[in-house]
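*Asks:* With the hints as extra help, turn the sequences into a complete structure.
Numbers 1 to 291, taken from full-length UniProt numbering, label the letters of the sequence shown in order.
What the hints contain is simulated information worked out from the structure, not anything from laboratory work. Incorrect hints may have been included.
What the hints assert, rightly or not - Straight-line C-alpha distance at most 27 Å; calculated DSS-like pairs for lysine-lysine: (1) 284 x 273; (2) 50 x 263; (3) 263 x 284; (4) 263 x 273.
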Amino acid sequence: MDITESPLSRTPSLYVVATPVGNLQDITLRALAVLRAVDVVAAEDTRHTKGLLSAHGITATLMAAHEHNEARAAAQIVDRLAAGEQVAFVSDAGTPGISDPGARLVAAVRAAGHPVVPVPGPSAVVAALSVAGFVEGGFHFVGFLPPKSGARRHRLEALRESADVTVFYEAPHRVRESLRDMAEVLGPARELVVARELTKRFEEIARLPLGEAQAWLDADANRERGEFVLLVSGAPPAEGLDAEAERVLTLLLAELPTRTAAKLAAEITGQPKNALYQRALAIKSNTESGL
Numbered sequence: 001m002d003i004t005e006s007p008l009s010r011t012p013s014l015y016v017v018a019t020p021v022g023n024l025q026d027i028t029l030r031a032l033a034v035l036r037a038v039d040v041v042a043a044e045d046t047r048h049t050k051g052l053l054s055a056h057g058i059t060a061t062l063m064a065a066h067e068h069n070e071a072r073a074a075a076q077i078v079d080r081l082a083a084g085e086q087v088a089f090v091s092d093a094g095t096p097g098i099s100d101p102g103a104r105l106v107a108a109v110r111a112a113g114h115p116v117v118p119v120p121g122p123s124a125v126v127a128a129l130s131v132a133g134f135v136e137g138g139f140h141f142v143g144f145l146p147p148k149s150g151a152r153r154h155r156l157e158a159l160r161e162s163a164d165v166t167v168f169y170e171a172p173h174r175v176r177e178s179l180r181d182m183a184e185v186l187g188p189a190r191e192l193v194v195a196r197e198l199t200k201r202f203e204e205i206a207r208l209p210l211g212e213a214q215a216w217l218d219a220d221a222n223r224e225r226g227e228f229v230l231l232v233s234g235a236p237p238a239e240g241l242d243a244e245a246e247r248v249l250t251l252l253l254a255e256l257p258t259r260t261a262a263k264l265a266a267e268i269t270g271q272p273k274n275a276l277y278q279r280a281l282a283i284k285s286n287t288e289s290g291l
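*Replies:* Pasting the structure below:
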C-alpha cells in the first residue's frame, strides 16, 4: 500500500493494534497511521495509552476496554461500528488478546458481522523466542501459570512430556516459586531462557539449566524485578520403549485411534506418552506402507 493512502478500510472495522512492550520506538509506522486515523481508540488503560499517543504526537478519543468491562465495552464498540465509525483497540503493551484483554472483544465484533483487522507488531513471546537459540521443534505458549503451587504443578505435569519449547509469562512476586516448581516437575536439566524487562532499560536475557535458576536469582536481587518471559526446552527424546510397552501399544492400535492408544498405553505401562505416540505413528506408517 502507498503510505500516502488511508491506512483504514472503507468498511468500518476494528483494528487490533500491537504496541511496544517497552521501548516506544518499537511501534510500527502502520500502527501510528491507524491510531491517528480512527474515530476512537479503545484501550486497556486510557492513561497509559494517552502517554503512548502523546509521545508520538497523536491526539485521539479514548474509551476504556479492559477485563472488568469487556462485555459492556464490546457492545459500545459494536454500536460505533454499526454507526460507521472506525475503532482501534490496544492493550497496555504488546499484541492484544495474547494474555491480555481482547479475545472476547474480537469475538463479539465478529459475531456482529464487522471486520477485525490485525495491525501486527511487538510481541513479548516472539521477541523472547527470537533470542533464545532453541533450534529444533515448535513452541507451546502457555502464558501465566496458576498462582497457587498445587494448581501450577498440575498444569506443569500436563506439559512435562511435550517436545516443544514451552513459553510462560510470570510476575516478579511469583517468579521464584514458579521456577522452583518447573525444576521439580520438568526436571533440573531442562534448558531455561529468562527474558526479563524486554526492550526496556534493564533488559536481561540469560540461558541456563532450570536447576540453576534459584542460584541465578540469588546472585542479584534486581533479577526478581520486572516482567518475565520464561522459555523451557522440550522434553528430551525418550530411550527405546521396552518390549512390554511395544506389545501393549501394538494391541491397542489394532482397535483404537493412534492418540487414544498411546494415551492408554502410557497409563498401563508407565512409559512416556509422547514417546508412545511417536512410536504409534511409526507403527501406523509401517502398517499402511506394508512394511
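*Asks:* Next, verify each hint and record whether it holds.
*Replies:* Hint-by-hint comparison with the structure:
Restraint check for residue 284 and residue 273: satisfied, since their Cα atoms lie roughly 16 Å apart, inside the 27 Å limit. Taken as a hint, the residue 50 and residue 263 pair is broken in the structure, with Cα atoms around 51 Å apart against an allowance of 27 Å. Restraint check for residue 263 and residue 284: satisfied, since their Cα atoms lie roughly 15 Å apart, inside the 27 Å limit. Of the pairs offered as hints, the one joining residue 263 and residue 273 holds, with about 6 Å between alpha carbons and a cut-off of 27 Å not exceeded.
Hint check: a violation occurs at hint 2 only; the rest are consistent with the structure.
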